[in-house]
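Enquirer: Residues per chain are reported as follows:
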Amino acid sequence: MGYVAVKGGNEAIERACQVFAHERMKGDSAPLGVDQVREQLYLAVDRVMGEGSLYAPELAALALKQSAGDTFEASFMLRAFRATRPRLGYSLAARTEKMRIIRRISSAFKDIPGGQILGPTSDYTLRLLDFDLLEDDEARRAAFKKRVFSHIPAGAEIPETFPRVIRILRREGLLEEDLGAGRKEEAVFDITRQSLTFPAPRSATLQALARSETGGMLALAYSSMRGYGNIHPTLGELRIGYVPLTIRHPETGEPYTIGEVKVTEAEVLARMQGNDGMPKFSLGYGLCFGQNELKAISMAILDRCIRAEKPSCPAEDQEFVLYHTDGIEAMGFCNHWKLPHYVDFLSDLDRLRKAQDVARAGKAREDGDAAA
Amino acid sequence: MSSESIIRDHETFRVILQGMSHPGKVYPLPGAPKTGIIDLLGCLMDNEVSFAVIGDKDMEAALARHTGSRPAVLEEADFVVVTGGACGQGLESCRRGSLEYPDTGATVVYLVEELCLRDEGISLSGPGIDGTIALQIKGLAPSEFRFLQKMNGEFPLGVDALFLDRNGCIACIPRSTRIGVN
Amino acid sequence: MLLHEWLKNEAGTEKRPGYPFGFMDEGAKKEIRRCILKAVAIPGYQVPYGSREMPIARGWGTGGIQITLSLIKPDDILKVIDQGCDGSVNAVNIKKFLAEVADVEVTNDTCAATIIQTRHRIPEEPMTGRQILVLQVPYPEALREVEPSEMETRRMHAEADYSRMWLYLYEDIVKYGEITISYRYPVTVNGRYITDPSPIPRWDVPRLHMADTLFLFGAGREKRIYAIPPHTEVVPLEFEDHTFRTEDFSGKACARCGATGTFLDEVVDNEKGGRSYFCSDTGYCDKRSTTCSR
Numbered sequence: 293m294g295y296v297a298v299k300g301g302n303e304a305i306e307r308a309c310q311v312f313a314h315e316r317m318k319g320d321s322a323p324l325g326v327d328q329v330r331e332q333l334y335l336a337v338d339r340v341m342g343e344g345s346l347y348a349p350e351l352a353a354l355a356l357k358q359s360a361g362d363t364f365e366a367s368f369m370l371r372a373f374r375a376t377r378p379r380l381g382y383s384l385a386a387r388t389e390k391m392r393i394i395r396r397i398s399s400a401f402k403d404i405p406g407g408q409i410l411g412p413t414s415d416y417t418l419r420l421l422d423f424d425l426l427e428d429d430e431a432r433r434a435a436f437k438k439r440v441f442s443h444i445p446a447g448a449e450i451p452e453t454f455p456r457v458i459r460i461l462r463r464e465g466l467l468e469e470d471l472g473a474g475r476k477e478e479a480v481f482d483i484t485r486q487s488l489t490f491p492a493p494r495s496a497t498l499q500a501l502a503r504s505e506t507g508g509m510l511a512l513a514y515s516s517m518r519g520y521g522n523i524h525p526t527l528g529e530l531r532i533g534y535v536p537l538t539i540r541h542p543e544t545g546e547p548y549t550i551g552e553v554k555v556t557e558a559e560v561l562a563r564m565q566g567n568d569g570m571p572k573f574s575l576g577y578g579l580c581f582g583q584n585e586l587k588a589i590s591m592a593i594l595d596r597c598i599r600a601e602k603p604s605c606p607a608e609d610q611e612f613v614l615y616h617t618d619g620i621e622a623m624g625f626c627n628h629w630k631l632p633h634y635v636d637f638l639s640d641l642d643r644l645r646k647a648q649d650v651a652r653a654g655k656a657r658e659d660g661d662a663a664a
Numbered sequence: 258m259s260s261e262s263i264i265r266d267h268e269t270f271r272v273i274l275q276g277m278s279h280p281g282k283v284y285p286l287p288g289a290p291k292t293g294i295i296d297l298l299g300c301l302m303d304n305e306v307s308f309a310v311i312g313d314k315d316m317e318a319a320l321a322r323h324t325g326s327r328p329a330v331l332e333e334a335d336f337v338v339v340t341g342g343a344c345g346q347g348l349e350s351c352r353r354g355s356l357e358y359p360d361t362g363a364t365v366v367y368l369v370e371e372l373c374l375r376d377e378g379i380s381l382s383g384p385g386i387d388g389t390i391a392l393q394i395k396g397l398a399p400s401e402f403r404f405l406q407k408m409n410g411e412f413p414l415g416v417d418a419l420f421l422d423r424n425g426c427i428a429c430i431p432r433s434t435r436i437g438v439n
Numbered sequence: 046m047l048l049h050e051w052l053k054n055e056a057g058t059e060k061r062p063g064y065p066f067g068f069m070d071e072g073a074k075k076e077i078r079r080c081i082l083k084a085v086a087i088p089g090y091q092v093p094y095g096s097r098e099m100p101i102a103r104g105w106g107t108g109g110i111q112i113t114l115s116l117i118k119p120d121d122i123l124k125v126i127d128q129g130c131d132g133s134v135n136a137v138n139i140k141k142f143l144a145e146v147a148d149v150e151v152t153n154d155t156c157a158a159t160i161i162q163t164r165h166r167i168p169e170e171p172m173t174g175r176q177i178l179v180l181q182v183p184y185p186e187a188l189r190e191v192e193p194s195e196m197e198t199r200r201m202h203a204e205a206d207y208s209r210m211w212l213y214l215y216e217d218i219v220k221y222g223e224i225t226i227s228y229r230y231p232v233t234v235n236g237r238y239i240t241d242p243s244p245i246p247r248w249d250v251p252r253l254h255m256a257d258t259l260f261l262f263g264a265g266r267e268k269r270i271y272a273i274p275p276h277t278e279v280v281p282l283e284f285e286d287h288t289f290r291t292e293d294f295s296g297k298a299c300a301r302c303g304a305t306g307t308f309l310d311e312v313v314d315n316e317k318g319g320r321s322y323f324c325s326d327t328g329y330c331d332k333r334s335t336t337c338s339r
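Going line by line, the protein sequences match chains A, B and C.
The first sequence lines up with residues 293 to 664 when you count with my numbering.
The second sequence lines up with residues 258 to 439 when you count with my numbering.
The third sequence lines up with residues 46 to 339 when you count with my numbering.
Derived pair list, reagent style DSSO-like, types lysine-lysine, alpha-carbon separation capped at 30 Å:
id, chain 1, residue 1, chain 2, residue 2
1, A, Lys390, A, Lys402
2, C, Lys118, B, Lys291
3, A, Lys646, C, Lys220
4, A, Lys402, A, Lys554
5, A, Lys357, C, Lys141
6, A, Lys572, A, Lys402
7, B, Lys314, B, Lys291
8, A, Lys357, A, Lys318
9, A, Lys437, A, Lys554
10, A, Lys357, A, Lys554
11, C, Lys332, C, Lys141
12, B, Lys395, B, Lys314
13, C, Lys297, A, Lys655
14, A, Lys357, A, Lys630
15, B, Lys395, B, Lys282
16, A, Lys357, A, Lys437
17, A, Lys655, C, Lys220
18, C, Lys141, A, Lys318
19, B, Lys407, B, Lys314
20, A, Lys554, A, Lys390
21, A, Lys646, A, Lys630
22, B, Lys282, B, Lys407
23, A, Lys390, A, Lys572
24, A, Lys630, C, Lys141
25, A, Lys630, C, Lys297
26, A, Lys318, A, Lys630
27, B, Lys282, C, Lys118
28, B, Lys395, B, Lys291
29, A, Lys572, A, Lys602
30, C, Lys297, A, Lys646
Interface residues of chain B toward chain C, partial, derived using beta-carbon atoms under 10 Å:
id, residue
31, His279
32, Met302
33, Thr324
34, Asp335
35, Gly362
36, Gly388
37, Phe412
38, Ser433
The set of hints was computed from the structure by calculation and includes no laboratory data.
Owing to the predicted nature of the structure, the values given are computational and were not obtained by experimental measurement.
Backbone N, C-alpha and C define an ideal beta-carbon position, used for all residues, glycine too.
One chain only, chain A, in its complex shape:
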């Protein structure tokens, strides 16, 4: 009797775990360094930090190694680890104007104060496999770096701060009211400590989206872009860089900067709204850990969608979006179908057999009537 035998279940699980670990060790390649994952698969690390909801590049890299590259499993490990960490405190609201920018673009305007800075992006690469990477040694890297850095114009400077594009629109009265200033929430909702009920406050929806799974969010945002719904988004601004985190010093109460985190921030402008009689653009906001542009843009679109007055499609349904985009919950439940369900199934079999009996009896009666 298979793996549900009263004795032997233990051993089966142990072996399965061992075989799983062995799968990534059985080859001849050198063990993967966590530093290698962190540095050279940094976008996977960024994605896992975002979905695991814990800014810890080293741990995210470890999780990716341990899970053999399964980002769902890696994010899950990070979340589980996060749940065991004590809550030390809360930062002050971070100001992304203070971001140390590495990439910043706007599609709404051709040129913007501070300039369009393309930064590290794959957007313009030709998606052709680079077979040179099969032989990726130190000498090749050194030569590449030399080539890249040899033609930097001297004295090229980046501005200290970059004014937000939406500030321009707001100043001209073209953008809806600052949602943060108007309806001030009493306290920031914490979705890891309070249960989410609907309709959910904005701090709760943004938190939930910030830790949601990239693919799930992309699918729903894509449905909106394609026409399910009426958002017609334009990317007002996309910023990637390092934002300083400040807390109140535990003794002096003074603001104290404890470090910086890399984030991607997207602000999407959408079709008109305006409850005070004056039509304005509406805003969708996205923010996530690391460099994950698909997620930030999808998040901004979904943020705007779920505030639709009358939801006309899944992407506009707050409940639908928030319930179904958490990767850890979705994956856990999808995987749970692999658990034994034989008692449930037997119960189903019983019902089906009874229903068939009833159907047969009914048919026999019909035939009997017809013959008579």
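Here the structure of chain A is known, so what remains is to put chains B and C in place on it, guided by the hints.
Expert: Below, chains B and C without anything else, positioned relative to chain A:
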């Protein structure tokens, strides 16, 4: 928190759970008879809930300090501690929850003299009770039962009552219990 | 890597440094305890809570685990079953985790256990007022079959507006001549809330009615806790002319212990093509087999 105090919280909660699932029955808390209100509520309250104390300002400060909970007005409190045997009319200000979220109704903790099962006590029936049970509560104003009945007259709205006596024993009357008068 | 090895490696060489008794932080446990008490006070009503992440995946029992961890004591004796079986992989995994972080003894004997955590079955042997059954729940909402929106089902429960559920059952009868719901058979608790008893088979539903023991239901992914206290009315939804019926095992007996009054697993015997039946409750079957063989 030390291991011992964490385990003590687990043990205390088990007794409270037993009390709430078997309303009217009297159970000694761990550490009885020395167990007080702080030991009782320490396993339930923290900085995510609010509370009000009727009739004892020092207790309010002690509870806030020990649990980290926020003192609040009666109308907003999640936990209400009633010293002096009666809340009376004030009970009507306590939260009964809403039809969508009846669980937001308050938990009212009465500090009383003595709890015992006696025929002369108040007759209770409902979920958790096999038939009926008679609970005598010394140190509680008899009129308090009428106020509780009124508060809990529209199930699922209501408050859930916990009684702690001087012997470190508890009994519970959740809103699902039918309070009859002998 | 096994769970307890992961815990050890994370924390160094000590048994549980950094992890308090019961694994979760005190704030998490206190919230769950408050919710459990409200759930018991309002039988059958689903209390929302801020479900914490566990090292075990969502959908694999985190709701049940969080309840168990909030109330377990070192002197408890723990039994964990899945589909009635103590040796099922999921039950074994959970048991190892709980035994490790709560330092408790484990047992396969329903009568010896003080806490039983279960997935999809209620043990055959009746439990007492000193025991607690913690059920793992995938879908806490009985009305989800007829209404996908949480806001709407919450309103339906608030107003006791259950007409659509009754209509659903009626349509089943019209179509198939029977109510075809097998597991998760909806019940009315304490005459007020329609409740999902979790995917236990119909066989187990009558055990919930006026029982001696407390039933706690935990849905981790859906973030809901509910309860059925002892001595509480639990009535399956039925019509006068189409009453509730359990599964039919007439003419069948357990091939191992001979029991005829238990829920039986059906096993297809590949070699002969025939069918054998075994008690789903393996702990009970073990007991009967040992006594029978004497």
